[in-house]
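Undergrad: Listed below are the residues making up each chain.
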Amino acid sequence: MKSILLIISLAAAYCASGTAVSAEELVVYSSRKQHLVKPVFDAYEKKTGIKILSVTDKAPALVERLKAEGKRSRADIYMTVDAGNLWNAAEKGLLKPIKSETLSSNIPDHLRDPNGNWFGLTIRARTIVYAPERVKVAELKDYRSLGLPKWKKRLCLRTAKKVYNQSLVAMLISDYGEKEAESIVTSWVANLATKVFPNDNAVIKAVAAGQCDVGIVNSYYFGRLKKKDPGLKVALFFPKQSTGGVHVNISGAGIVSTSKNVAKATKFLEWMSGDDAQKILAELNHEYPVKNGVPTSDLVKSWGVLEENKNNLRQAGELQGAAIKLMDRVGYR
Amino acid sequence: MNSDKPSDPKGRWWRLSTILIAAVAIAPIVTVLLSWLLPFSEHWDHFGQTILPKLVVNSLGLLCLVAIGTCVIGLSLGWIISQFDFPGRRFFQFALLFPLAIPAYVIGFVYLGLTAFSGPLFTGLRSIGVGFFFDMKTIYGAAFVLVLSLYPYVYLLTKQGFATIGHRYFEAARALGVSSSQVFFKVALPMNRPWLFVALSLVGMETLADFGAVSIFVVDTFSVGIYKAWYGFFSPTLAAQLASILVVIVGGIVIFDKVQRGKRSFVSLTGLSGRRRRLHGRKAIICFGYCCTLFLLSFVIPMLQLLVWALQLDAEIWESMLELTSNSVLIGLMVSLLVTGLCLLLVYTYRFYSRPFIWMASQAATLGYALPGSVLAIGLFLPLAAMDHRLADFIMNLTGTDPGLLLTGTVFAVVIGLSIRFMAVGHAQLHAAQQRVSKRIDEAAQNFGSTGIDQMKRIHIPIAWKAVAASISLVFVDSIKEMPLTLMTRPFSWDTLSVKIFELISEGEWEMAAAPAVILSIVGLTSLVLLGKEAK
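Here the protein sequences come in this chain order: A and B. So for the first sequence, the numbering used here puts the first residue at 1; every next one is plus one. So for the second sequence, the numbering used here puts the first residue at 334; every next one is plus one.
Next up, chain B with everything else stripped away, as it sits in the complex (with noise of 0.2 Å):
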C-alpha cells in the first residue's frame, strides 16, 4: 500500500530519524542497564534477603490498587461524559482533567496534614468527644493519593477512545435489545481496550516510579529501595540494578499487550460522535453527584488547603516566585514542542513506513517514563558528561585551550533529560489517535500524491489536532512538575518552581511550600484550560 519498498528513499529518512530519537533516549536506560557489569555491592546480600521480597510485595500491592482505582473511576467518568447530558457535564468534562496540574506528593502531604491526629479533622472531632482515629500512612492512603492523582490519564484517553468508536456500535447493540449496563460491559469495554491500556501503563510507570508521595505515606515500595541503596548504602551501582529490574518488567508488559492484541485494528466507523442521552431525575443527580465528589476530593480541597496556607506567608517569599515562574513556563514550553514534534514524527513513521524494528523502536524511546526521576537523572548524566568531555577534549586538541563542560549544566541538558522523560506521554496522546484514523485515507491521499510531511500537514495533524494539543499540554504539565531531573542538570544559580518545592518539604516545610506549588498549579491549570478550549 504505501511506499514501503527498501529502495524508498523517503522512507529511509523517516526510519532514520526515529532511530536516532530512540538511541538518544535509550541512551540513559542503557547506561543504567549497564551497571550489572560493575562489581556487584557487599550489600546485595542484606537487600535479597530482608528487604527485597517486602519491597515487590508492596509495589504490586499498590500497582494495583492504584490500577483498578484508576481504571473504574477513570473508566466511568470516561464512559457517563461521553453517553450522557446531565447538569454541569460541560465543566466537568475539562475540571475533572485538573488534578494533573497538582503533583502527587503535593496530594498526598495535604491529606496527611488534614488527617494526622494533630490535624483539624480528628482535632475536630475529639473536640466533640468523637475518639475515633486512623492512620492515612498505609499503603491505602499511597493509593488513595495516587489514584486522585492519575485518574485524569484513564479518564482522558478513555473518553477519546468512546468518542471515537462512534455510537453506532451502541446503538445497534441497544436496537438489539441489550441492556445499557451489557452495553458498556460488552461492546463498549472490550472496544476501548487500546486506549484504556495505554493510559494504565502510563498509570503503571508513574506509580512504581513515584517516589515522592509513597514517602510522605512511608510506604516502602521498589523505588524506595532503590533510593534507600543510593542514598542510604551510597551505592548507585546497585540502585541503577535494582532500577533496571523496573525497566525489564515495564517492557515485558508492553511486548506482552502487542503480542496479544496482533493485528485486530480498532478504527471508527463513522469518525463521528452521535447525540449524549440526556438523563434526568435521580440518574442525573447521581452522574452530578459522583464528579462533584471527584473533583472535591482531588482538586478543591488540595487547592483550598494550598491557598489557605499561601495566604498565611510573608510577602518575602513572593518576591522570588516571578523568576521561578518564567523559567519553569520556558522549560515547560521547549520541552512540550519538542517532545510533541519527536512523537509526531515516531507515530507517523510507524504509520508510514513500517518495519518491525520501527515499533520496537518507538517503544523503546518511551521507556524513560518508568524510571524514577533520580535514577533517569544519573543514566543521563553520565553519558552526557561523558560526551561532553570527549567535545572539551577535541577543541582543547584543536584550540589549545580547554572550554570546560559546555553541555552539562546548562538549560540543553534539562530539556534533554525532561523530553526523554515524558516521550511516552506524547506518544500516548498522538499514537492512540492516529490508530483510529483508517489506513485508507493514507491510500486515497496516496492517490493523489500527497506522501510523508505533506500527507501529515494537510490529513493527519488536522484529524489528530485534539490529540497533539493534548500532548503539548500534558507534557508542559509534567515537566514543569518534574524535580529529580531538574535538580540534577541545571546551571548554577538557576531554579524553577519545582525545585524551589523540593528545598522547602524536604525540610518539612510544607506550608511554605504551599506559595510555588499554588503558582505551579495555576501555571499548569492555565495550560489545560487552554487545552480544553483547544478540544472543543
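This is chain A alone, in the form it adopts within the complex (with noise of 0.2 Å):
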C-alpha cells in the first residue's frame, strides 16, 4: 500500500510539473514534422537567444485547440501547411492581421494572405510525375491533358482525402470554372490505372515499377526518393505559364491573435522570410523558398525552371469545400 501511495505522490508531482512559459521564448501551434522545422529554430535560438517551444499536431485539431484556450491561450504563432487550413485559421477569427514591410517584399503576392492574416514560407509543387521510358515529354503538357484517353489506365492518383489533391482541384476550379473542373476530374478517374494510393510515395513507386505511366506528386517527396535511389526511373514535368503553370501549395504560418508576444512574433517571421532562414528550409525538405535570389538545393535546381500558377491561395481554401464535393460527385476517392 506504502509503494502504492509513494507512486501516486511521485506521479502527481510529475504531472503538476507544467511547462512555464518565461519572457525569452516564444511557443509555435504547428502541424509541420518537428524534423522539418526544428533546425530552423535552433538557429534563431542561437543568433537571438530566444528559444522556441512547439507543440505538433494535425492542423484542424490545434485550430480547437486554440479556440478552447481562447485568450489564455500561450501560442504565439500557428504554423502548417496548405493554404487552406492556414485560410481557415484566419476564417474563425484566430490569426492577427500584420502589416510589415519585410515580410511584404519578401514573400510575393500570390503567397501571403491579403489582410495579411498567414504568410507562405516555402513553395511546395504538386505536379506531374512520369516514367521517361514508357512516355515521351512532348506528351505531356498540362494537369487537364492527363483526362486524355491515351491515358486509359495509365494515371496513378492519390486519395482526394489528402488536402493537396482538394486544394489542386480548388484551384482548378479557379481557373477553368466549376463544370470544366468536374469534366476533368471525372476524365481523371477514368483514366485511373488502379485504385487510388494513400500516400504520394506510393504514387511514385508505382509509377516506377511500371503499374502506371503518369502521377500527380509533390516534387519534394520526389526529391526524397531520388535522394535515396538517384536510379530511380521516373522524372518531374512542370506543365508551362502559357498552359497554366504548375500548381504551387506553400507551407507557412500567422501570428495568433491572442499572443501577448505580437512584435516578437513578428521579428521571428521575419527572420524566417530571409535569406538565412530560407535556405535551411528549403535544403531540408527539397521545397521552394518564397524569396527570390534564395538559391534552391542541387536536386531540385536539377529539375528546371519552375513557372507557377499565380492565383492567390486564398482560393484554395474558399473553394476546398466544393472541390470535396466536386470529386465526390465524380467517385473520386
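Just so you know, these hints were derived from the structure itself, not from any lab. Only a predicted model underlies this, so the values are computations on that prediction, with no experimental measurement involved.
Cβ-Cβ distance ranges computed for the label pairs, FRET-style:
1. Gly304(A) to Glu652(B): 34 to 40 Å
2. Lys46(A) to Gly381(B): 50 to 56 Å
3. Lys790(B) to Ala43(A): 54 to 60 Å
4. Arg615(B) to Lys153(A): 47 to 53 Å
5. Pro420(B) to Lys195(A): 38 to 44 Å
6. Gly304(A) to Glu649(B): 27 to 33 Å
7. Thr734(B) to Gly304(A): 56 to 62 Å
Listed next, the in silico DSSO-like pairs over lysine-lysine satisfying Cα-Cα at most 30 Å (straight line):
8. Lys343(B) to Lys799(B)
9. Lys153(A) to Lys387(B)
10. Lys325(A) to Lys153(A)
11. Lys195(A) to Lys152(A)
12. Lys96(A) to Lys67(A)
13. Lys387(B) to Lys195(A)
14. Lys58(A) to Lys387(B)
15. Lys387(B) to Lys325(A)
16. Lys99(A) to Lys33(A)
17. Lys267(A) to Lys46(A)
18. Lys51(A) to Lys71(A)
19. Lys228(A) to Lys33(A)
20. Lys33(A) to Lys301(A)
21. Lys179(A) to Lys387(B)
22. Lys310(A) to Lys136(A)
23. Lys92(A) to Lys260(A)
24. Lys387(B) to Lys152(A)
25. Lys240(A) to Lys153(A)
Heads up, the beta-carbon is just placed ideally off N, CA and C, and yes, glycines get one too.
Bring the two chains, given one by one in their own frames, into a single complex with the hints.
TA: Take a look at the structure:
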C-alpha cells in the first residue's frame, strides 16, 4: 500500500510540472514535422537567444485547441502546411493581421493573405511525375490533358482525402470554372490504372514499377525518393506558364490573435522569410524558397525552372469545400 | 443478502464514487452529443445524399468481416489452447497475444508495403515471369489487418471463459456420448457467451473507431466520414454529430445484450480447470501449424519488416528515442494503474451495492472507447478548457493575477484523457473475472464480518489477480499506442513514441517510423510477457 501511495505522489508531482513560458520564449503550434522545422528553430535560438517551444498536431486539431484556450492560450504562432488550413484559422478569427514591410517585400503577393493574416514560408509544387521509359516529354502538357483517352489505364493518383489534392482541384475550379473542373476530374477517374493510393510515395513507386505511366505528386516526395535511390526510373514534368503553370501550395504561418508577444513573433516571421532561414528551409525538404534570389538545393535545381500558377492561394481555402463535393460526385475517392 | 439497505452509509460512498467516475468519463461524450444543439452545417445535404449511405454500408461490412474473423480465430485458439496439449502450446499461449503490442496501422503499412505492385512480393513474382497481382487496398485488406491485430482480445477473454467454465461440464457431456465437436458447439460455446460478447464488443468498438488502418487501405468508413467533415469541410460540429451516431449504436448494442441475457448467471462449477487432453499425430500437427501460421502473420512478419527498416536507419534518429520512451512508459504506467483502480471500484460497487442506475453508470463510463480518438480528444478538451478558464478566473479574482491555464496542456490532461478512453479495456477484464465468482462467497465472507474494501482485498483481488494483471498490462499497451488524444492534450515540446510515429507516417516516411515503432512494440511486449509470468 505504501509503495502505491509513493507512486501516486510521484506521479502527481510529475503531472503538476507544467511547462512555464518565460519572456525569452515563443510558442509555436505547428502541424509541421519536428525534423523539418527544428533546425530552423535552433538556428534562431542560437542567433537571438529566444527559445522556440513547439507542440505538433494536425492543423484542424490545433485550431480547436486555440479556440478552446481562447485569450489564455500561450501560443504565439500557428504554423502549418497548405493554404486551406491557414485560411480556415484566419476565417475563425484566430490569426492577427500583420503589416510588415519585410514580409511584404520578401514574400510574393500570391503566396500570402491579402489581409496579412498568414504568410507563405516555402513553396511546394504539386506536379506531374512520369516514367521516361514509356512516356515522351512531348506527350505531356498540363493537368487537364491527363484526362485524354491516351492515358486510359495509365494514370495513378493519391486519395482525394489528402488536402493537397483538394487544393489542386480547388485551383482547377478557380482556373476553369466548376463545370469544366468537374469534367477534368471525371476524365482522370476514368483513366486510373488502379485504386487510389494513400500517399505520394506510393504513387511514385507505382510509376517506377510500371503499374502506371503518369501521376500527380508533390515535388519534395520525389526529391526524397530520388536522393535515396538516384537510379529511380521516374522524372518530374512542370506544366508551362502558357498552359496554366504548376500548381503550387505553401507551408506558412500566422500570428495567433491572442499572442502577448506580437512584436517578437513578427520579428521571428520576418527572420523566417529572410535569406538565412529560407536557405535552411529549402534545403531541409527539397522545397522552394518563397524569397526571390535564395538558391534551391542542387537536386531541386536539376529539375529545371518552376513556372508557377499565380492565382492567390486564398482560393484554395475558399473553394476547398466545393472541391471535395466535386470529387465525391464524380467518385474520386 | 449484501448490505443493500438504502441507509447503509458504506454502500453510499461506493455508489457515489461510481457515479463520480461515470460523470467524468461521460463528459466528453456529452460534449459530443451536445453538438446537436449547434446550428446544422450546410454540408449535411451533401453528406446525406452523396456519401453517408456508402459510409454506413462500408462500416457495417467491415464490422461483420472483422467480427466473424476475430470470432473464428479467437474462439478456436481459446478452445484448443485451454483444452488440449500439443507441442508449442506453452509458448503460443502467450505469444499469440503479442500482436497487441503492434498498432493496427503499423501492421497495415507493413502489409501494404509488402504487397504493393512495387513491393517485394509481386516484384519477385514478376521477375520469374508470373504477372499475377492483387490489390490489397480493399475492404478485405483492411479487415485482414484488423483481424490480425484484434483477435488477441477474443482469444484472451474466451480462453479465460473456457478455463473458468471448468472441465466438468465438458466431461459430463462426453460421458453422455456427445462428440467432441458437439461439446464445443452445444456446451462450451453457449456457456462462453459472456466472455465472447465482451470481447466482440471491444473488437467492434475498436473497428468502428479505427481511422489509421482504414485510411491506409483507402476504405471509406464512418470514421473516415467524421474526419472528412472536420478536416475537409472544417466543421467539427458536423464531425461531432456524426460521431454521436456511433455512440448511440454502441450504447444500443450494450443494452440489447443486457436485456437479452437477463438474469442468467455464468458461474464456475469448480473454479479449477481440469487436465488438458494430450493430442498426438495429425491433430497435434494441425494445432501446431494453425498457431504457427497465425503467429507468423500477425507478429513475426510485421516485426521482421520493421526491424529490417529500422536497422537501415542513421544513428541520429535513435538518439531522441530515450526521452520519448521514458515519457511513453510513464504515461502507460500512470494510466494503467489509474484505470485498473477505477475499474475495480466500478465492478465491485456493481457487485456489492447494486442498483439499476449503477449498472448504467458503469457501462456509461466505458463508452469512451467507441469514439474515434480525435473526436474524443476534442470532446475532452472543450470541458477541460472550460473548467480551466473557471479555475483561472477564480484565482484571478482571489489574487489579482491571471495564472493562465493550469490543466490543459499538462501530463494530467493526457492521463485523464487516456484513462477515459481505455476504461472499457480494464472493465472488460475485471467484469468478466468477477462474474465467475459465486455470490455465495460474498455471503460467506459477510458472515465473518468482511465487507467492502476488506472483502475485496482478502477475497476478490486474490481470486481475480490474473484479471487485474491483464487489465494493467492491456491498458498499458493500449495507452502507449494511442495517438490523437496524446497529441491534442500533451504539454509543449513533450513527445512520446506514438507521437513520433504519427509525425513520420503522416509524411509517408514509413521506414523512418520503424525506429519508434520497434521500440514501442518492444515496450508493449515486455508488459505482455510480465502479464504472462503473472498469470501462470
